[in-house]
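**Student:** Here the protein sequences line up with chains A and B, keeping their order. If you read the first sequence in this note's numbering, its first letter stands for residue 1, the second for the next number, and so on. If you read the second sequence in this note's numbering, its first letter stands for residue 1, the second for the next number, and so on.
Certain hints may be false.
To be verified - Some, not all, of what chain A presents toward chain B, calculated at C-beta under 10 angstroms:
#1 Q27
#2 A60
#3 E443
Unchecked claim - These stretches of chain B come out as covered by chain A in the derived footprint (C-beta under 8 angstroms, 3 or more residues):
#4 103-112
#5 155-166
The set of hints was computed from the structure by calculation and includes no laboratory data. The C-beta atom is built at its ideal place from N, Cα and C for all residues, glycine as well.
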Amino acid sequence: MSDTLFPKLPYKLKQRADEATVNIQLQQFVNHATYSKDVARKQAMGGAFGENTDAVRDLAGQIKQHTLDHLDHYLEQFIDNATATGVQVHFARDGEQANQIAVAIAEANKCRLCVKSKSMVTEETHLLPALEAVGCETVETDLGEFILQLDNDAPSHIVTPMIHKDRTAVARAFQRELGAEYTEDAEALAQIARKHLREKYRKADLGISGGNFLVAETGSVVLCTNEGNGRFCTTAPRIHVAFVGIEKLVPRLEHLGVMLKVLARSSTGQPLTCYTHTITGPKREHEHDGPEEVHVVLVDNGRTDVLHEDTREMLRCIRCGACLNSCPVYRKIGGHSYGAVYSGPIGAILTPMLKGLENYTDLPHASSLCGACYEACPVKINIPKYLIQLRRDMVQNHLSGTGDRVTMRLWGESLQHEWSYRIGGWMQKTFARMQAKFGGTLETDDPYASRGWLTWAPGPVKGWTQERDMPTPTAKSFRHWWRKEHGR
Amino acid sequence: MQKTTSDRSQLPTMGEGRAALLARVHAALGRDKTQAPSEPAPVVDESIARLASSDADLPALFTERAQSVGMKVHRVSLEQVVPRLRELLGQLEARRIGVAAGSVGERLELELDAALQADGVKQIDWQAREGVSAQYDLDVGITDVHAAIAETGTLVCCSGSRSSRGLSLVPPVHIALVRVSDILPDMIDYWARLKGMPNTELPSSQAFITGPSKTADIEGELVTGVHGPGAVHILLIDG
Ligand code: SF4
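All chains, please: the whole structure from these sequences, using the hints.
**Tutor:** Here it is as structure tokens:
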């Protein structure tokens, strides 16, 4: 697992992407699941907000941007207010420190069994092995994450972690690891998981969660889940620890009225997640159930580097997954190809920021810049703009390959003068048509329309011809035709 | 052990410490100490964000939306609550249940107690034992709600001295008693209601329940009841 999301650096995307594009099963699942979610999002957002859809995305984006612009103020507010309700707030510079905090809590309380709900931050910090190393058995309780844990696999989507797996994989995992009878019935599989995990909730003495939002004004942690495991993990065990990135703040409860409305709709097309849970402090004296201790670990892990003005907007992300679902590249290469915890368009800009651009030079190029992600994003992060900004940074810092640089330089030069542009065009046309002629695919009747097909081409064009044939230019150019018809 | 308010300022903090984190935040924001925002936080513009208003037929809207997320709604008068509950519990073959429905009225609680005894349904005393451990072998949890939200078909269940976090989560079936007067048009109205309340008085848990427990992790097929209740029934009480 560790290798999937934490590959050897610098990471090259090509091998995994190549494997993914010929994995027909993966192509079908990912394509189908993302496509249907993309449709659901459009219907849910448009259905609810109508002509205000764009305006509500603006508003949600402004709320997050304002919070980030004043993150010092809102963090201090949150810390004071959470502490006033009895929450213990801790500060983690990086993943390792965050894990140390959780381990210290587990050890101080002699915790033996931890139930964990889905959290991307704990994936970042790689928390699970750290807890297991000190003898605290840790169970993922989100159904998808649970299955991935049994299979020693890693999540490939922010919201639907198991998007790359089918029911037979689940059936086999349950048979092998839980001794369950083999069944491909989704209902029966869910019941097997329910039974198994209930026993864990019953015995667990530690619950770990993430957090979708932190409310500065009240010190509350907001958790959105559909299965109810998030509520279980924060209700049944005596101690609850929430790992939350420092960018998750909103100023006041009322802002949830906007953020929650766009989150679930953009994510799965639901009006709200089945369970949207606001936690404000541990169980109070007059209450009967709930954790006696609540800890919030505020995790930086590279975020303050992204907070600089040029890239601050990236931190608006509320991890809805809409940009992944809408992305033609994500659909084709799947989440694991991004070689990091965050995949898809947001991963393509966030990962280089968090883990070093020099380590992920392929990611800013893993996009056709079609803009679908920007259009999908409920907080209007201009992802294409940042992809271009990162590409520019790569050139300026000499991080792009020599081949790329030479090609681009030549191309740039040849476009400077009419004569060089013409010669370039003529050479391209002539070689392409010659090759098509040898391939026997060239039509020659109409010089302005007839084309041939290239089944193979060298260099950077190879990527195209591996997948599909490439049309050649026509025999005579448009410019030629224009001169002939209009005499100029 | 419950922490008292007095020792809260001394709650232990681990990791790098508040000042170290804030120093990096300040550096990124280009200042050397925390500054209060020069402009107010964006207001929630209701002409954009509000999706239901009080002119709507709230019980009808709530019913429609709650049904569309998979909850079953039964509209009843106050007198019908107990008979309808008995009927429902009979259909569900419930043997052991937990009830936390104080806000719907003591008379109803007494009536229900008597009726359940007659039917041989055992009510557990969930308040007697701390935590949710007593709730795992229940067939049904019955709760009132702190509010309901029409626009999304949502039940708001909060923790408190007379309510339980677990009863709406742990048993396989949750029955919620909602009075028509509990229904608010939009989530915006719920937050407005809490405005100005000190955070130490907010319930420690506010759960917004919008449907039975769901997952679509297995090939996108929708399955209910994976962790929480697989069925949610709402008795929508007139008045
Ligand atoms: S970048 Fe926008 S669309 Fe993508 S996950 Fe984040 S909030 Fe959602």
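**Student:** Does each hint fit the structure? Answer for all of them.
**Tutor:** Hint-by-hint comparison with the structure:
1. A distance limit of 10 angstroms between C-beta atoms decides the matter here; for Q27 (chain A) the minimum to chain B is near 14 angstroms, and the interface restraint is violated.
2. Taken as an interface hint, A60 (chain A) checks out: its beta carbon lies about 9 angstroms from the nearest beta carbon of chain B, inside 10 angstroms.
3. Because the smallest distance between the Cβ of E443 (chain A) and any Cβ of chain B comes to about 45 angstroms, over 10 angstroms, the interface hint for this residue is violated.
4. Counting residues of the stretch 103-112 of chain B whose C-beta lies closer than 8 angstroms to any C-beta of chain A gives 0; at least three are required, and the coverage claim is violated.
5. Under a criterion of three residues with beta carbons nearer than 8 angstroms to beta carbons of chain A, the stated coverage of the stretch 155-166 of chain B is upheld, 6 such residues being counted.
When held up to the earlier numbered hints, the structure conflicts with 1, 3, 4 and fits the remainder.
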